[in-house]
Amino acid sequence: MLFNNPHTAAANPPVNGMVSDLGQADITKRSATGSLPPPSRQLTPLAKLIDVSKCIGCKACQSACIEWNDTNPEIEENVGIYMNPHDLTENMFTLMRFNEWINPETDQLEWLIRKDGCMHCADPGCLKACPSPGAIVQYSNGIVDFIHENCIGCGYCVKGCPFNIPRVSKTDHKAYKCTLCSDRVAVGQGPACAKACPTQAIVFGTKDDMKKWADGRIADLKSRGYKNAGLYDPPGVGGTHVMYVLHHADKPGIYNDLPNDPKISAVVETWKGVTKYVGLAAMGMAAAASLFHGVFARPNRVSVEDEENAEKLIEPIGHGDRPEDRPGDRP
Amino acid sequence: MSAAHKPGEGIHPGKPPTVDRYDVGARINHWITAASLILLALSGLAMFHPSLFFLTELFGGGQNTRNFHPWIGVVLFFSFSILFIRFWPANLWQRVDVEWLAHAKDLVQGHEEKMPEVGKYNAGQKFIFWSMSILIIVLICSGIIIWDQYFYPFTSIPVKRIAVLTHAMAAVIIICVWILHLYAAIWVRGTMRAMIQGSVTGGWAWRHHRKWLKELVGGGPSDKGGTIH
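Protein chains in written order, with our numbering: chain A, 1 to 331; chain B, 1001 to 1229.
Treat each hint with caution, since some may be false.
Some chain A residues well away from chain B (every beta-carbon gap over 12 angstroms; in silico) [unchecked claim]:
hint, residue
1, Ser-20
2, Thr-33
3, Asp-261
4, Thr-270
5, Glu-311
6, Ile-317
Straight-line C-alpha distance at most 20 angstroms; calculated PhoX-like pairs for lysine-lysine [stated by the list, open to error]:
hint, chain 1, residue 1, chain 2, residue 2
7, A, Lys-312, B, Lys-1105
8, A, Lys-222, A, Lys-54
9, A, Lys-227, A, Lys-251
10, A, Lys-59, B, Lys-1214
11, A, Lys-263, A, Lys-251
12, B, Lys-1015, B, Lys-1214
Only some residues are given here: those of chain B computed to face chain A with a beta carbon under 7 angstroms [to be verified]:
hint, residue
13, Pro-1016
14, Pro-1050
15, Val-1172
Since the hints were derived computationally from the structure, they do not count as laboratory data. Here a beta-carbon is modelled for each residue, glycine too, at the ideal position from N, C-alpha and C.
Produce the complete structure using the sequences and hints provided.
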């Protein structure tokens, strides 16, 4: 049975109150924090699987996301496409992106719909870039979460993310993104989007189960002529805890610019790696060298002879010998 | 043209004689720039390395640090721009500066008498002036690109990544230049009063900027080259 695990979207919630089973002790990575105590237990890695071939574009997932997270996206104008709102926002953590693609092999129009949102990377660029201790954490089940009380609103996560996901609010100056419904997962529930999906295009469970589920879906797609069908679990970011089944897995870019081989940008790695250490060392050495010279070298003092020479040079003016060069008097 | 008529400069004969170096405007201008640079370094370092994040407490938390930093940068930019207009003519590179640099070792070892006579600024001071000028331009430009609150829509994320890296590297360099600047002002005794009281002693001018002193007195050589003692 696939859905025998409590971490599923299909399971109905218990009616009695439940205690959160996801907390500080389960954090494996914490932004701007050197070493963490090893977590006392290892949670089973989880994943959300989005099968784009089963998506009908109903946006129930978006509605469920708004409902559960109690966000309030602005009502926008229709500009002639189905996508609404027009981008992820601090109030819209997931977004159906629509693309009309003509398959060159079949000359058929394919309507590609991809549910965009945080991929919950195993190697999260946002977390690497974040300068604020504890503003971004990763739990041992793979969920990458923003802890808003620690967020300073600098937008470094936006620069660190290989998928262009986080959005910084102009109202409270904090960054927002999909939480993989960590608060639901904490009580054994699946994400709201998966719960709401009417076609099970979004399913949720352990990462192993989701890979198995994907294998079945891919086999089915291949049997129906999609020879390049496959799983999107990009190794460049260590794999993700949100995966896609794509019917054209060889061309992720056709799904509204899903990156082909996402990884943390080399610029970000340099910024957060060598620059930090070399920079601190350079500043420290400049300070230490100054201190060293200050302690061991004699100060550069004006000597008595210097003062005498200056007096000799300046004296004539004092006697009015060169009145045209007499300087302006000080106020 | 007598150099003595430049703003803020002049000689007061006496025992000891004093030489005016900076008028009150230049000093206020300098210290506003200095204060903003220090505040920028503190708030920037807080966001540069986790071990320095505690510096955000000085600004009332991370959110305030993130909010104030770019505004202080704007103050620095305008304040330094005025300083630049005041100081750039005296900081033009001259042949004597090459010679002075060739003797830099003598300076550090305490043999300043072997150095060529220099004008109002020596090569080291000119280096600091031009490094600061270039780095501040780099910092304000890269800083605006990553000032997401107002400028987010104007650049792409890859551009912002390059800007944030450039900003961090330029900041590290400018802090090193600032350490050099501060140390030189402390090590060369009698320098601080130039930026506090506005004047130096005659002996200080004779020892460190003899050509400038001679020009002020009106008896020195003109702006061509320098002589080695």
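Now the hints, each set against the structure:
Every beta carbon of chain B lies more than 12 angstroms from that of Ser-20 (chain A), the smallest distance being close to 26 angstroms; the non-interface claim holds. Chain B draws Thr-33 (chain A) into its interface by the beta-carbon criterion, the shortest separation being 7 angstroms against a cut-off of 12 angstroms. Every beta carbon of chain B lies more than 12 angstroms from that of Asp-261 (chain A), the smallest distance being close to 15 angstroms; the non-interface claim holds. A beta-carbon of chain B is positioned within 12 angstroms of the beta-carbon of Thr-270 (chain A); the least distance is around 6 angstroms.
Glu-311 (chain A), annotated as away from the interface, has a beta carbon of chain B within 12 angstroms; the closest lies near 6 angstroms. Not every CB of chain B is more than 12 angstroms from the CB of Ile-317 (chain A) (nearest about 5 angstroms), against its label as outside the interface. Straight-line distance between C-alpha atoms of Lys-312 (chain A) and Lys-1105 (chain B) comes to about 29 angstroms, which puts the hinted pair past the 20 angstroms bound. For the hint pairing Lys-222 (chain A) with Lys-54 (chain A), the CA-to-CA distance comes to about 14 angstroms; that is within 20 angstroms, so the pair holds.
For a cut-off of 20 angstroms, the pair hint linking Lys-227 (chain A) to Lys-251 (chain A) stands: about 12 angstroms separates their Cα positions. With a CA separation close to 81 angstroms, the supplied pair Lys-59 (chain A) and Lys-1214 (chain B) exceeds the 20 angstroms bound. Between Lys-263 (chain A) and Lys-251 (chain A) the CA atoms are separated by roughly 17 angstroms; this keeps the pair inside 20 angstroms, and the hint holds. Straight-line distance between C-alpha atoms of Lys-1015 (chain B) and Lys-1214 (chain B) comes to about 18 angstroms, which keeps the hinted pair within the 20 angstroms bound.
At its closest, the beta carbon of Pro-1016 (chain B) sits 5 angstroms from a beta carbon of chain A; the interface hint therefore holds under the 7 angstroms criterion. Against a cut-off of 7 angstroms between C-beta atoms, the interface hint on Pro-1050 (chain B) holds, since the closest Cβ of chain A lies about 4 angstroms away. For Val-1172 (chain B), the interface hint holds, since its Cβ comes within 7 angstroms of a Cβ in chain A; the closest pair sits about 4 angstroms apart.
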